[in-house]
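Undergrad: The chain contents come next:
2 protein chains.
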Amino acid sequence: MNPTINLDRLFNPSSLAMIGASATPLKWGNLILFNILKANFTGAVYPVNPKEDSIMGFKCYPDVASIPGNVDLAVITTPSHTISSLIDECGNKKIPNVVVVTADFSETGVEGARLEKEIAEKARSYGINLVGPNTMGIFSAETSLHALMPMIMPLHGGVSMFSQSGNVGVQMLDYGQQENVGFDKFVSSGNEAVLTIEDYLNYFAADEKTKVILGYVEGVDENSQFVPVAREVTRKKPVLIMKGGRTDVGGNAAASHSGAMAGSTAIFRAAFRQTGIIEASNSQELIDCAKAFSSYPLPKGNRIGIITRGGGWGVLAADACEENGLSVPPLPQSLIKRMDKILPKYWNRKNPIDLVATIAFDPFPECLQMLVEWDGVDAILALGAGFRSFSYQYSQDIKGPKELLDNIEMVKGYMAEKGSRPDETLVQIVDRVKKTGKPIISVSIGSDYAHKKYSEKYGIVSFPTPERAVRVLKHMVSYYRYLNPQE
Amino acid sequence: MNPTINLDRLFNPSSLAMIGASATPLKWGNLILFNILKANFTGAVYPVNPKEDSIMGFKCYPDVASIPGNVDLAVITTPSHTISSLIDECGNKKIPNVVVVTADFSETGVEGARLEKEIAEKARSYGINLVGPNTMGIFSAETSLHALMPMIMPLHGGVSMFSQSGNVGVQMLDYGQQENVGFDKFVSSGNEAVLTIEDYLNYFAADEKTKVILGYVEGVDENSQFVPVAREVTRKKPVLIMKGGRTDVGGNAAASHSGAMAGSTAIFRAAFRQTGIIEASNSQELIDCAKAFSSYPLPKGNRIGIITRGGGWGVLAADACEENGLSVPPLPQSLIKRMDKILPKYWNRKNPIDLVATIAFDPFPECLQMLVEWDGVDAILALGAGFRSFSYQYSQDIKGPKELLDNIEMVKGYMAEKGSRPDETLVQIVDRVKKTGKPIISVSIGSDYAHKKYSEKYGIVSFPTPERAVRVLKHMVSYYRYLNPQE
Numbered sequence: 001m002n003p004t005i006n007l008d009r010l011f012n013p014s015s016l017a018m019i020g021a022s023a024t025p026l027k028w029g030n031l032i033l034f035n036i037l038k039a040n041f042t043g044a045v046y047p048v049n050p051k052e053d054s055i056m057g058f059k060c061y062p063d064v065a066s067i068p069g070n071v072d073l074a075v076i077t078t079p080s081h082t083i084s085s086l087i088d089e090c091g092n093k094k095i096p097n098v099v100v101v102t103a104d105f106s107e108t109g110v111e112g113a114r115l116e117k118e119i120a121e122k123a124r125s126y127g128i129n130l131v132g133p134n135t136m137g138i139f140s141a142e143t144s145l146h147a148l149m150p151m152i153m154p155l156h157g158g159v160s161m162f163s164q165s166g167n168v169g170v171q172m173l174d175y176g177q178q179e180n181v182g183f184d185k186f187v188s189s190g191n192e193a194v195l196t197i198e199d200y201l202n203y204f205a206a207d208e209k210t211k212v213i214l215g216y217v218e219g220v221d222e223n224s225q226f227v228p229v230a231r232e233v234t235r236k237k238p239v240l241i242m243k244g245g246r247t248d249v250g251g252n253a254a255a256s257h258s259g260a261m262a263g264s265t266a267i268f269r270a271a272f273r274q275t276g277i278i279e280a281s282n283s284q285e286l287i288d289c290a291k292a293f294s295s296y297p298l299p300k301g302n303r304i305g306i307i308t309r310g311g312g313w314g315v316l317a318a319d320a321c322e323e324n325g326l327s328v329p330p331l332p333q334s335l336i337k338r339m340d341k342i343l344p345k346y347w348n349r350k351n352p353i354d355l356v357a358t359i360a361f362d363p364f365p366e367c368l369q370m371l372v373e374w375d376g377v378d379a380i381l382a383l384g385a386g387f388r389s390f391s392y393q394y395s396q397d398i399k400g401p402k403e404l405l406d407n408i409e410m411v412k413g414y415m416a417e418k419g420s421r422p423d424e425t426l427v428q429i430v431d432r433v434k435k436t437g438k439p440i441i442s443v444s445i446g447s448d449y450a451h452k453k454y455s456e457k458y459g460i461v462s463f464p465t466p467e468r469a470v471r472v473l474k475h476m477v478s479y480y481r482y483l484n485p486q487e
Numbered sequence: 001m002n003p004t005i006n007l008d009r010l011f012n013p014s015s016l017a018m019i020g021a022s023a024t025p026l027k028w029g030n031l032i033l034f035n036i037l038k039a040n041f042t043g044a045v046y047p048v049n050p051k052e053d054s055i056m057g058f059k060c061y062p063d064v065a066s067i068p069g070n071v072d073l074a075v076i077t078t079p080s081h082t083i084s085s086l087i088d089e090c091g092n093k094k095i096p097n098v099v100v101v102t103a104d105f106s107e108t109g110v111e112g113a114r115l116e117k118e119i120a121e122k123a124r125s126y127g128i129n130l131v132g133p134n135t136m137g138i139f140s141a142e143t144s145l146h147a148l149m150p151m152i153m154p155l156h157g158g159v160s161m162f163s164q165s166g167n168v169g170v171q172m173l174d175y176g177q178q179e180n181v182g183f184d185k186f187v188s189s190g191n192e193a194v195l196t197i198e199d200y201l202n203y204f205a206a207d208e209k210t211k212v213i214l215g216y217v218e219g220v221d222e223n224s225q226f227v228p229v230a231r232e233v234t235r236k237k238p239v240l241i242m243k244g245g246r247t248d249v250g251g252n253a254a255a256s257h258s259g260a261m262a263g264s265t266a267i268f269r270a271a272f273r274q275t276g277i278i279e280a281s282n283s284q285e286l287i288d289c290a291k292a293f294s295s296y297p298l299p300k301g302n303r304i305g306i307i308t309r310g311g312g313w314g315v316l317a318a319d320a321c322e323e324n325g326l327s328v329p330p331l332p333q334s335l336i337k338r339m340d341k342i343l344p345k346y347w348n349r350k351n352p353i354d355l356v357a358t359i360a361f362d363p364f365p366e367c368l369q370m371l372v373e374w375d376g377v378d379a380i381l382a383l384g385a386g387f388r389s390f391s392y393q394y395s396q397d398i399k400g401p402k403e404l405l406d407n408i409e410m411v412k413g414y415m416a417e418k419g420s421r422p423d424e425t426l427v428q429i430v431d432r433v434k435k436t437g438k439p440i441i442s443v444s445i446g447s448d449y450a451h452k453k454y455s456e457k458y459g460i461v462s463f464p465t466p467e468r469a470v471r472v473l474k475h476m477v478s479y480y481r482y483l484n485p486q487e
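Respectively, the protein sequence lines represent chains A and R.
Per my numbering, residue 1 is the first one in the first sequence, and the count goes up by one each step.
Per my numbering, residue 1 is the first one in the second sequence, and the count goes up by one each step.
Hints in this document: simulated from the structure, not taken from any laboratory.
Model, not experiment: these values are computed from the prediction.
Beta carbons are placed, not taken as given, at the ideal position from N, Cα and C, and that holds for glycine.
One or more of the hints may lead you astray.
Listed next, the in silico DSS-like pairs over lysine-lysine satisfying Cα-Cα at most 27 Å (straight line) [claimed, not checked]:
{"id": "1", "chain 1": "R", "residue 1": "Lys94", "chain 2": "R", "residue 2": "Lys122"}
{"id": "2", "chain 1": "A", "residue 1": "Lys94", "chain 2": "A", "residue 2": "Lys51"}
{"id": "3", "chain 1": "R", "residue 1": "Lys94", "chain 2": "A", "residue 2": "Lys345"}
{"id": "4", "chain 1": "A", "residue 1": "Lys27", "chain 2": "R", "residue 2": "Lys341"}
{"id": "5", "chain 1": "A", "residue 1": "Lys452", "chain 2": "R", "residue 2": "Lys453"}
Which chain R residues stay away from chain A? Per the calculated CB distances, all over 12 Å, these [as the list claims (entries may be wrong)]:
{"id": "6", "residue": "Glu285"}
{"id": "7", "residue": "Pro365"}
{"id": "8", "residue": "Tyr480"}
{"id": "9", "residue": "Leu483"}
Given these sequences and hints, build the entire structure.
TA: Have a look at this one:
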């Protein structure tokens with residue numbers, strides 16, 4: 001790792017050479033160039049291939065030296081035996097950044113390892129920042145750089161990610177698209193012959209656009225500075241890691257995959273704890289945490305207020321809290337008295353607050369407001385917050401059998417219209433989070449991926465089950481406590 | 001519990017009285033009747049309300065006695081103080097089944113408890129099967145009976161469910177719709193004044209259309225026959241339970257919700273183990289298990305073969321297997337030799353099998369076939385099975401800058417067309433499951449809810465993350481071992 005390294009022009013080049021660009025289908029050089037062009041990369045693009053005059057309408061250069069002007073980044077897809085001399089060409093052209101997509105290096109045996117060492121040494125001698133080899137590429141929102149093997153269009157946002165698996169990484173981008181989590185930068189670190197995950201971690205830490213750092217880690221070598229670097233970085237922004245190779249059989253698989261030694265899980269876990277890294281236990285939790293950490297303030301403690309439209313979901317949420325080290329404190333008399341004024345006499349007077357709503361009257365917004373203002377809770381779980389007036393609208397216009405059928409269409413229309421109008425409760429959530437600094441996580445519970453809609457439309461962190469929401473809160477509380485051990 | 005009880009006409013009545021039917025919006029009697037009519041219930045419908053002549057085009061009767069002909073089921077939504085005399089009316093009319101939706105009984109205090117006892121005793125004296133009170137209703141696919149408070153149209157299938165929370169129950173129906181899990185019968189058991197969850201369990205056990213039984217359970221009373229009943233039922237079909245009130249605070253919430261004593265979690269867990277009940281740890285796992293148990297044969301052991309398009313996902317799947325008590329055995333030399341013939345020389349020769357596919361050549365189907373035929377594995381995780389030739393098609397027609405833009409549309413067209421054509425690998429999975437009796441669970445990993453499409457279109461059990469697939473396999477293996485302890 002070199003702490004003075006600057007990867008600005010790697011992620012946001014003003015010009016790019018695509019070495020191994022191809023007009024031939026079924027070549028990676030064809031696909032990656034297509035992806036770059038399709039995404040409207042903002043810089044200049046120079047395809048390099050001695051066999052073609054032009055590719056996809058772009059003039060094609062026979063070699064690197066022939067490219068006019070400066071090149072910030074070269075992406076290479078040609079066979080492994082050609083890479084060494086191409087590094088020379090790039091070095092002579094003073095290209096500061098090279099992404100070697102090509103595989104068949106150290107991950108496949110002794111000869112590959114020898115080649116990899118050779119290109120690493122060459123790259124270092126030229127001062128080249130080399131990504132890979134054996135990488136699925138890089139992405140950056142600012143310049144719309146999609147130098148990626150798969151066809152994928154990540155949402156833009158404040159999350160940056162490094163991944164020791166190309167597939168896991170790009171599929172997290174895809175998952176982010178479904179869960180409304182936007183990315184700023186992404187790199188598949190490949191075999192890490194030169195640049196390592198601690199370089200990316202360091203760079204993302206200093207990068208102003210990156211608010212949250214995600215990583216998929218299989219292993220680091222024994223001289224790695226990952227732990228000391230992480231310790232610095234977590235002071236500035238959250239670092240959320242998914243660890244592959246946690247078990248013997250997984251570690252064994254990792255060894256032949258990324259070539260990384262998975263290392264002892266116990267040692268990794270201890271390092272994670274000491275450095276304030278959040279470890280997500282699976283890919284869903286990783287993307288869920290990315291959503292919450294990039295959108296919401298941290299809770300300042302582990303006391304959770306739960307408000308629910310359905311008693312059973314409140315029970316399950318309370319169970320999940322207790323099982324994850326969160327506390328569900330009883331309501332104080334003062335709050336009970338205030339709620340007594342608006343809730344039916346037989347309401348449960350407990351946390352979780354089980355709303356005994358009639359169809360006509362919705363006490364959710366008022367009770368939520370009282371709950372979030374109570375200084376006895378640090379975060380809120382709002383179960384069924386966005387449900388509001390569907391039932392009301394649904395029931396408004398039912399009159400007769402012919403009308404019944406017509407009204408089914410009308411109800412659908414209402415639902416669609418509702419979906420396009422702001423829901424006051426959801427608007428209120430965003431407002432309360434801002435005003436109180438307390439995260440209010442919505443749980444939409446199934447309901448046609450409402451959680452995605454709530455986050456897209458209102459900026460609300462929302463999940464379809466209470467268990468997912470609780471896991472995220474648990475990690476937020478841990479991180480807050482790591483940053484504020486004295487409290 | 002009465003083991004001779006017959007609930008056929010409760011779930012599939014040929015005629016139904018809707019007592020408390022209403023033409024007035026914002027009344028449950030209005031909504032439930034609307035739901036029943038909207039779903040095209042196959043039986044006769046008799047709205048009962050002394051204040052109306054007709055509701056939604058149906059003749060309205062002033063009281064139960066005025067209804068012409070037999071009534072199999074009465075659904076009641078009138079206030080709690082009216083229920084007792086309505087039970088008399090139903091008894092005198094010889095209505096064998098009554099669903100009391102009305103709340104404000106034992107869950108709200110002493111007076112409610114007294115009323116509940118009164119109606120229970122009356123119902124018993126008339127031989128009435130009473131559901132509730134404080135229930136969100138019942139559903140049955142056969143007669144399209146949607147006597148439910150919420151607007152919901154469950155998919156039809158082989159899963160039947162009882163739930164001690166109406167909300168949790170109906171939202172599982174909704175979740176099933178999203179995850180392609182179809183239901184045959186559903187009942188929200190409410191306060192269980194007469195019929196209890198063991199009655200429903202017993203009935204579902206004998207019901208030919210029910211292949212898998214789901215339950216949400218908060219607690220049972222001390223005289224409950226739930227455990228001995230469950231022990232019998234699990235011999236015939238899988239019983240998948242989600243337990244609410246697992247913790248002190250959750251149990252406390254449950255006490256005021258369903259009135260049930262949550263009871264010691266340790267005792268419940270022990271009972272689950274002894275009776276072969278599968279306990280799902282959250283709602284997602286419950287619906288995932290429902291999907292797999294209702295579609296696939298059980299694995300006959302815990303040995304899992306993993307085949308993956310992406311090394312990292314193989315690592316994570318192997319980790320999840322080992323962490324959940326599943327084994328990932330090494331490949332035998334004979335199988336390695338067979339795969340050597342079709343895979344590039346540097347393939348990993350391990351389980352998980354990391355496919356080193358080129359764009360043009362897809363070794364997935366052949367390798368999957370070899371893997372599933374190997375007698376060293378009991379089940380298969382196929383990661384990225386449905387990915388196939390998107391990249392291929394994507395790259396076919398790229399030629400120039402104008403064409404580039406046109407081709408983006410063409411690519412979209414291809415993708416859409418691909419989506420409507422059978423994918424050979426996915427077809428092969430279904431075929432192999434049938435022929436070998438080994439479950440092959442697909443993991444689509446994100447990818448725009450592909451897992452739902454695969455299950456809808458091909459009948460494949462598919463999940464978006466390996467961790468979800470592994471949890472399901474773990475439960476299937478446990479159940480197989482419970483049924484076959486000698487193996």
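Undergrad: Run every hint past the structure and note whether it holds.
TA: Status of the hints after comparison with the structure:
1. With a C-alpha separation of about 13 Å, the suggested pair R:Lys94 and R:Lys122 falls inside the 27 Å cut-off, and the hint holds.
2. This hinted pair checks out: A:Lys94 and A:Lys51 have alpha carbons roughly 24 Å apart, not beyond 27 Å.
3. Simply put, R:Lys94 and A:Lys345 have alpha-carbon atoms about 36 Å apart, too far for the 27 Å limit, and the pair is violated.
4. Restraint check: the Cα-Cα separation between A:Lys27 and R:Lys341 comes to about 23 Å, which is no more than 27 Å; the hinted pair holds.
5. For the hint pairing A:Lys452 with R:Lys453, the CA-to-CA distance comes to about 19 Å; that is within 27 Å, so the pair holds.
6. Annotated as non-interface, R:Glu285 brings its C-beta within 12 Å of a C-beta of chain A; the closest such distance is 9 Å.
7. The Cβ of R:Pro365 sits about 18 Å from the closest Cβ of chain A, beyond the 12 Å cut-off, so the non-interface label holds.
8. Every CB of chain A is more than 12 Å from the CB of R:Tyr480 (nearest about 21 Å), matching its label as outside the interface.
9. For R:Leu483, the non-interface assignment is confirmed: its Cβ lies about 27 Å from the closest Cβ of chain A, beyond the 12 Å cut-off.
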